[in-house]
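Colleague: One letter stands for each residue in the lines below.
Number of protein chains: 2
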Amino acid sequence: MQGNDILSSVQNRVMLYIRKYKMIQPGQKIVVGVSGGPDSSALLHVLMSLRGKLDAELIVAHVEHGMRAQQSVEDAQYVVSMAQRMGLSVYVKHCDVPSYAKEHGLSQEQAGRIIRYDFFRQICRYRGCNSIAVAHNKDDNAETILLHILRGSGLDGLVGIRPVRGDIIRPLLDVSRTDIEAYCAAAGMNPRRDYTNNDPSYMRNRIRLKLIPFLSQNFNPNIVDSLVRMSHILSDDNEFLSMCVEEAFKRSVHIDDDIAVLHIPDFKTLHKALQRRLLRYIISKLKGDADSIEYLHIEQLMAYIEQGCVGQKLTLPADIMAEHGNDKVYIYLQCAVRIMSEPFCYTISVPGDTYVKNGQAVLSSCIIDKSDITDYNSNVSVAYMDADKVHFPIYIRNRRPGDRFMPIGSNGHKKLKEYFIDEKIPRIYRDSIPLIASDHEILWVIGHRLSDTCKVNESTRRVLRLTYKTTGYNE
Amino acid sequence: MQGNDILSSVQNRVMLYIRKYKMIQPGQKIVVGVSGGPDSSALLHVLMSLRGKLDAELIVAHVEHGMRAQQSVEDAQYVVSMAQRMGLSVYVKHCDVPSYAKEHGLSQEQAGRIIRYDFFRQICRYRGCNSIAVAHNKDDNAETILLHILRGSGLDGLVGIRPVRGDIIRPLLDVSRTDIEAYCAAAGMNPRRDYTNNDPSYMRNRIRLKLIPFLSQNFNPNIVDSLVRMSHILSDDNEFLSMCVEEAFKRSVHIDDDIAVLHIPDFKTLHKALQRRLLRYIISKLKGDADSIEYLHIEQLMAYIEQGCVGQKLTLPADIMAEHGNDKVYIYLQCAVRIMSEPFCYTISVPGDTYVKNGQAVLSSCIIDKSDITDYNSNVSVAYMDADKVHFPIYIRNRRPGDRFMPIGSNGHKKLKEYFIDEKIPRIYRDSIPLIASDHEILWVIGHRLSDTCKVNESTRRVLRLTYKTTGYNE
Numbered sequence: 001m002q003g004n005d006i007l008s009s010v011q012n013r014v015m016l017y018i019r020k021y022k023m024i025q026p027g028q029k030i031v032v033g034v035s036g037g038p039d040s041s042a043l044l045h046v047l048m049s050l051r052g053k054l055d056a057e058l059i060v061a062h063v064e065h066g067m068r069a070q071q072s073v074e075d076a077q078y079v080v081s082m083a084q085r086m087g088l089s090v091y092v093k094h095c096d097v098p099s100y101a102k103e104h105g106l107s108q109e110q111a112g113r114i115i116r117y118d119f120f121r122q123i124c125r126y127r128g129c130n131s132i133a134v135a136h137n138k139d140d141n142a143e144t145i146l147l148h149i150l151r152g153s154g155l156d157g158l159v160g161i162r163p164v165r166g167d168i169i170r171p172l173l174d175v176s177r178t179d180i181e182a183y184c185a186a187a188g189m190n191p192r193r194d195y196t197n198n199d200p201s202y203m204r205n206r207i208r209l210k211l212i213p214f215l216s217q218n219f220n221p222n223i224v225d226s227l228v229r230m231s232h233i234l235s236d237d238n239e240f241l242s243m244c245v246e247e248a249f250k251r252s253v254h255i256d257d258d259i260a261v262l263h264i265p266d267f268k269t270l271h272k273a274l275q276r277r278l279l280r281y282i283i284s285k286l287k288g289d290a291d292s293i294e295y296l297h298i299e300q301l302m303a304y305i306e307q308g309c310v311g312q313k314l315t316l317p318a319d320i321m322a323e324h325g326n327d328k329v330y331i332y333l334q335c336a337v338r339i340m341s342e343p344f345c346y347t348i349s350v351p352g353d354t355y356v357k358n359g360q361a362v363l364s365s366c367i368i369d370k371s372d373i374t375d376y377n378s379n380v381s382v383a384y385m386d387a388d389k390v391h392f393p394i395y396i397r398n399r400r401p402g403d404r405f406m407p408i409g410s411n412g413h414k415k416l417k418e419y420f421i422d423e424k425i426p427r428i429y430r431d432s433i434p435l436i437a438s439d440h441e442i443l444w445v446i447g448h449r450l451s452d453t454c455k456v457n458e459s460t461r462r463v464l465r466l467t468y469k470t471t472g473y474n475e
Numbered sequence: 001m002q003g004n005d006i007l008s009s010v011q012n013r014v015m016l017y018i019r020k021y022k023m024i025q026p027g028q029k030i031v032v033g034v035s036g037g038p039d040s041s042a043l044l045h046v047l048m049s050l051r052g053k054l055d056a057e058l059i060v061a062h063v064e065h066g067m068r069a070q071q072s073v074e075d076a077q078y079v080v081s082m083a084q085r086m087g088l089s090v091y092v093k094h095c096d097v098p099s100y101a102k103e104h105g106l107s108q109e110q111a112g113r114i115i116r117y118d119f120f121r122q123i124c125r126y127r128g129c130n131s132i133a134v135a136h137n138k139d140d141n142a143e144t145i146l147l148h149i150l151r152g153s154g155l156d157g158l159v160g161i162r163p164v165r166g167d168i169i170r171p172l173l174d175v176s177r178t179d180i181e182a183y184c185a186a187a188g189m190n191p192r193r194d195y196t197n198n199d200p201s202y203m204r205n206r207i208r209l210k211l212i213p214f215l216s217q218n219f220n221p222n223i224v225d226s227l228v229r230m231s232h233i234l235s236d237d238n239e240f241l242s243m244c245v246e247e248a249f250k251r252s253v254h255i256d257d258d259i260a261v262l263h264i265p266d267f268k269t270l271h272k273a274l275q276r277r278l279l280r281y282i283i284s285k286l287k288g289d290a291d292s293i294e295y296l297h298i299e300q301l302m303a304y305i306e307q308g309c310v311g312q313k314l315t316l317p318a319d320i321m322a323e324h325g326n327d328k329v330y331i332y333l334q335c336a337v338r339i340m341s342e343p344f345c346y347t348i349s350v351p352g353d354t355y356v357k358n359g360q361a362v363l364s365s366c367i368i369d370k371s372d373i374t375d376y377n378s379n380v381s382v383a384y385m386d387a388d389k390v391h392f393p394i395y396i397r398n399r400r401p402g403d404r405f406m407p408i409g410s411n412g413h414k415k416l417k418e419y420f421i422d423e424k425i426p427r428i429y430r431d432s433i434p435l436i437a438s439d440h441e442i443l444w445v446i447g448h449r450l451s452d453t454c455k456v457n458e459s460t461r462r463v464l465r466l467t468y469k470t471t472g473y474n475e
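Just so you know, the sequences run in chain order A and B. Per this note's numbering, numbering through the first sequence is continuous, rising by one, with the last residue being 475. Per this note's numbering, numbering through the second sequence is continuous, rising by one, with the last residue being 475.
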């Protein structure tokens with residue numbers, strides 16, 4: 001192909017690809033991540049040429065990784081001068097990826113990625129941009145797919161790199177590396193070269209430098225296209241399955257106080273494929289991702305749900321716990337439950353408002369006439385007590401060993417623990433249920449039952465009204 | 001591992017695997033396909049050792065391929081003597097795979113597979129067996145998965161070899177080739193070696209001999225396990241998707257006279273992943289398989305369903321056609337429609353029965369009194385005509401150019417073709433609709449309308465009753 005032909009051919013293909021995946025809408029502002037290498041230099045050049053048609057504003061961002069000494073600095077200079085020649089704003093962040101990686105126990109690859117995307121998002125917010133364009137190409141995609149295959153991934157990995165994911169767009173994802181190199185040459189660009197790309201200690205580099213040539217020579221000259229086509233078919237399948245999982249989640253799970261409650265009878269009606277995916281989905285809802293959870297762990301969790309019994313616990317990596325409770329399984333992060341269960345105790349001001357747990361809840365108290373009781377029993381977060389039978393001071397706190405309670409209507413005290421067991425209150429919730437207590441006994445298990453010892457009856461004159469409200473405010 | 005350890009270890013694992021996939025039930029008879037190589041020799045030995053526990057009867061079958069001259073004959077002798085030593089019946093088929101392959105335009109690999117499975121099934125029926133055990137192992141599975149990846153397959157290919165498929169069971173599918181070799185050695189067997197397995201002109205052999213060693217050396221020493229684990233996860237996903245497709249098929253497709261009628265509004269409610277799979281499923285229902293249909297063809301069909309218009313046709317490979325008709329798309333094999341549309345014409349005996357198309361249908365006629373008409377108009381396959389207005393002889397036939405028809409209630413003749421268009425009868429059906437005709441005109445479009453020219457009215461005396469019945473018998 002002649003120089004101008006390759007330029008317009010790539011530009012047209014990218015234009016169609018942007019339209020196909022609705023990457024850029026007219027009037028939008030786009031951060032373009034540019035390393036100075038061939039891919040991102042070509043990306044910037046292509047987007048620049050399409051800027052009018054797209055009606056988009058471009059802003060360049062570059063991270064100088066501090067990894068290749070003088071070369072790294074020259075990369076930044078190259079990007080800045082390219083952007084300036086094009087009349088675009090350019091933002092550069094200088095950082096020390098190796099130190100960051102060491103500090104956070106990450107590989108340099110991972111650390112670089114985190115720092116880059118953080119910076120791009122920062123510029124995105126600062127300049128009011130709509131999305132971030134990065135320069136992955138078709139060969140990168142094939143390499144990613146192979147990487148997942150070699151590690152034995154599920155469908156999620158086999159779908160490869162997505163054209164659009166959240167605020168990230170990848171306009172070059174359907175262009176081959178060969179075409180990108182030809183494009184750079186035809187455009188008279190002399191992009192920077194990152195020689196660490198040839199370092200065979202990275203698996204991705206070995207895939208690019210050794211495996212793909214080996215496969216195209218011995219098996220399939222169009223291996224990159226075949227892999228990418230496979231990923232297209234699979235990504236539709238994967239999308240459909242994800243949709244089914246979201247429906248299953250709505251039907252059989254609710255998340256309550258950071259604890260996912262899975263309804264077992266509903267779960268059992270699901271196909272095994274959806275069960276596995278639903279468990280992974282629950283974990284990623286609780287944790288933000290399910291990266292540290294492997295196939296084996298999901299199998300353990302499946303077996304536990306099938307065979308475990310009430311009270312038995314399952315510990316998984318990444319602080320994840322599962323606990324059976326009748327026809328439910330509770331799945332949660334231990335740290336979240338630990339925070340919920342931390343001991344707390346506040347003396348209640350009567351009358352007045354008592355703020356509980358950094359303002360997450362408030363307990364209001366006042367003394368009223370018996371005739372002013374309006375909504376007797378209608379509300380689990382309001383209680384009326386015979387003020388003359390209550391031994392002040394009273395407290396709002398969570399349970400302690402030895403707590404005693406005489407549920408209203410019963411004929412004697414029992415251990416609070418026994419009350420919880422009788423009422424089938426799951427163990428994980430027991431430490432976080434707020435209680436109203438005197439120095440002698442529990443007066444009210446908030447949300448559940450009052451004590452018989454302070455109940456309002458015909459002889460009551462003064463009434464203590466307590467109202468418990470969660471604020472949803474958690475700092 | 002010591003000799004006895006490897007024997008019992010493999011036997012135990014195979015036993016669990018057979019149970020897990022419910023491969024063999026007590027009292028069943030199993031055909032074991034034995035080539036004489038290490039895999040199938042080990043399979044026979046393992047099944048023999050488990051025969052008591054399984055309570056199964058074993059029958060050995062061997063195909064002598066006529067491909068490796070004297071060696072091939074010795075393979076057969078080896079299998080026969082092994083079976084006889086074990087006291088088992090053994091059936092051997094001698095054949096000439098290369099000639100068969102040439103004759104049917106197949107590769108020798110394909111031809112061998114067809115001949116083998118045909119023979120195994122023949123023995124299976126002859127001896128009243130329940131299933132056929134074949135000796136694929138874990139490495140074969142990994143190789144198959146890679147084969148599909150290299151060709152750019154969809155999920156269907158990535159699931160690899162199934163432990164059970166129809167009447168085929170694969171008890172060794174979870175045992176590695178290394179373990180099988182060790183098993184043979186420990187059992188004192190000296191199985192036959194097929195040196196064509198080292199021929200690098202077969203892609204599968206290149207995968208085994210070059211690619212897997214390359215991958216385990218450079219990327220993942222447990223590549224076989226990783227691939228197989230991946231296929232397990234994917235096969236659950238695939239099974240679930242297949243289930244969804246079967247449901248979608250029931251909802252939005254019916255097959256009528258070898259023509260699949262796809263209801264477009266229903267089709268459009270489906271996720272793209274299901275749409276693709278449904279189309280492939282329809283084709284395999286019509287054709288027996290969808291092997292010759294590639295990704296690209298399904299995409300063409302998707303676009304045609306989305307954008308095509310009434311009357312326009314789409315031709316796909318393997319004789320498959322699609323044709324729009326209002327809110328439906330007809331998908332069919334051209335050959336099937338061609339057979340349905342072949343010209344036919346039979347003179348009707350009055351009174352009497354006229355057999356149509358090799359007995360696929362029968363037309364009964366008789367003359368009755370007008371007062372004997374019982375079910376006027378209630379049945380589309382019965383017609384009453386004024387016998388005195390009919391010009392005999394009359395025929396049952398399909399349409400011919402120039403046919404004329406005056407539908408009952410209309411005020412003049414029109415071309416039959418126009419009638420079909422007005423009634424929105426899809427083109428593909430028009431050639432196969434049976435007609436009753438005199439030498440002058442069409443008297444009855446069976447299943448649709450009568451002619452006005454011979455309708456029964458107050459002046460009618462003698463009535464011709466015609467009854468059309470399909471027999472469902474198609475030779």
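What the hints contain is simulated information worked out from the structure, not anything from laboratory work. Since the structure is predicted, the reported quantities are computational estimates derived from the model, not experimental observations. Any given hint could turn out to be false.
Said to hold, decoys possible - To give a feel for the contact side, a few chain A residues facing chain B, derived at Cβ under 8 Å: (1) S153; (2) Y202; (3) M203; (4) I223; (5) D237; (6) E239.
Claimed, not checked - Away from chain B, derived, C-beta distances all over 12 Å, residues of chain A: (7) Y17; (8) Q70; (9) S89; (10) I149; (11) F219; (12) K357; (13) H413.
Backbone N, C-alpha and C fix where the C-beta goes; we use that ideal spot for every residue, glycine too.
Colleague: State for each hint whether it applies.
Modeller: For each hint, the structure was consulted:
Annotation: S153 (chain A) was flagged as interfacial toward chain B, and the flag holds, the nearest CB pair being 6 Å apart, inside 8 Å. Hint status for Y202 (chain A) relative to chain B: violated, with the closest Cβ pair at about 12 Å, above 8 Å. Contact between M203 (chain A) and chain B, as hinted, is supported at the beta carbon level, the nearest pair being about 7 Å apart and thus within 8 Å. The beta carbon of I223 (chain A) is positioned within 8 Å of a beta carbon in chain B (closest approach about 7 Å), and the interface hint is therefore held.
Interface hint at D237 (chain A): satisfied, since its Cβ lies 5 Å from the closest Cβ of chain B, which is below the 8 Å cut-off. For the restraint placing E239 (chain A) at the interface with chain B, the shortest Cβ-Cβ distance is roughly 7 Å, inside the 8 Å limit, so the hint holds. Every CB of chain B lies more than 12 Å from the CB of Y17 (chain A), the least distance being 16 Å, so the non-interface label holds. Its beta-carbon lying about 33 Å from the closest one in chain B, Q70 (chain A) satisfies the requirement of being farther than 12 Å from that chain.
With a closest Cβ-Cβ approach of about 39 Å to chain B, S89 (chain A) is found to remain outside the 12 Å limit, as its non-interface label requires. Listed as outside the interface, I149 (chain A) is inconsistent with that label: its C-beta sits roughly 6 Å from the nearest C-beta of chain B, within the 12 Å cut-off. A Cβ of chain B approaches the Cβ of F219 (chain A) within 12 Å, the least distance being about 5 Å, so the stated non-interface status is violated. Residue placement check: K357 (chain A) keeps its beta carbon more than 12 Å from all beta carbons of chain B (closest about 42 Å).
The beta carbon of H413 (chain A) is kept farther than 12 Å from every beta carbon of chain B, the shortest such distance being approximately 53 Å.
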